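A.B. asks: Sequence:
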Amino acid sequence: MKLRQILKSPVFPLGHKWEFKKRKDGYESDVTALVRRMCEDEAVRDDQAWAWERWRNDASALKK
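Per the numbering used here, the very first residue in the sequence shown carries number 232; after that it's consecutive.
Incorrect hints may appear among the rest.
Simulated DEER-style distance windows between Cβ atoms [claimed, not checked]:
#1 Phe243 to Arg287: 22 to 30 angstroms
#2 Gly257 to Ile237: 37 to 45 angstroms
#3 Leu245 to Arg287: 28 to 36 angstroms
#4 Val242 to Val266: 12 to 20 angstroms
#5 Val262 to Ser240: 15 to 23 angstroms
#6 Glu271 to Leu245: 20 to 28 angstroms
#7 Lys255 to Arg285: 18 to 26 angstroms
#8 Tyr258 to Asn288: 29 to 37 angstroms
#9 Arg267 to Pro244: 32 to 40 angstroms
#10 Arg285 to Asp256: 15 to 23 angstroms
#11 Ile237 to Ala264: 28 to 36 angstroms
#12 Arg254 to Asn288: 17 to 25 angstroms
#13 Asp277 to Phe251: 15 to 23 angstroms
Derived by calculation from the structure, the hints in this document are not laboratory data.
Since this is a predicted model, take the numbers as computed values, not measurements.
C-beta: ideal position from N, C-alpha, C; glycine also.
Generate coordinates for the entire structure from the input sequences, incorporating the hints supplied.
C.D. replies: Below, the structure is given as structure tokens:
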């Protein structure tokens, strides 16, 4: 993944509701279940992977 190629963040329709279910085998908060469900969406997963790589490889953060 080249960091010079900026990906467009996914856009969802106004009022989009994420359907999520908590895991039954232990405690899971609503937020954790929502994030887990969002990461199942390929567009969100790719966007977050690109953001992570950009953040991780940002040399300007080391110059402070």
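A.B. asks: Work down the list of hints and note, for each, if the structure agrees.
C.D. replies: Right, here's what the structure says about each hint:
1. Separation of Phe243 from Arg287 is about 26 angstroms and conforms to the stated range, judged on CB atoms against 22 to 30 angstroms.
2. Look at Gly257 against Ile237: about 38 angstroms separates their beta carbons, and that is inside 37 to 45 angstroms.
3. A hinted range of 28 to 36 angstroms holds for the C-beta pair Leu245 and Arg287, which are about 32 angstroms apart.
4. As the Cβ distance of Val242 to Val266 is approximately 19 angstroms, the hint placing it in 12 to 20 angstroms holds.
5. For the hinted restraint 15 to 23 angstroms between Val262 and Ser240, the CB-CB distance of approximately 20 angstroms keeps it satisfied.
6. The supplied range of 20 to 28 angstroms is met by Glu271 and Leu245, whose beta-carbon atoms lie about 21 angstroms from each other.
7. Lys255 and Arg285 have their C-beta atoms about 36 angstroms apart, which leaves the hinted 18 to 26 angstroms range violated.
8. Between Tyr258 and Asn288 the beta carbon distance is about 35 angstroms. The supplied range of 29 to 37 angstroms therefore holds.
9. Taken as a hint, the range 32 to 40 angstroms is violated for the pair Arg267 and Pro244, whose Cβ atoms sit roughly 21 angstroms apart.
10. Distance hint for Arg285 and Asp256: a CB-CB separation of about 35 angstroms, inconsistent with the stated range 15 to 23 angstroms.
11. Judged by the Cβ atoms, the range 28 to 36 angstroms given for Ile237 and Ala264 holds: they are separated by roughly 30 angstroms.
12. Evaluation of the 17 to 25 angstroms hint for Arg254 and Asn288 yields a failure: the beta carbon distance comes to about 33 angstroms.
13. A hinted range of 15 to 23 angstroms holds for the C-beta pair Asp277 and Phe251, which are about 20 angstroms apart.
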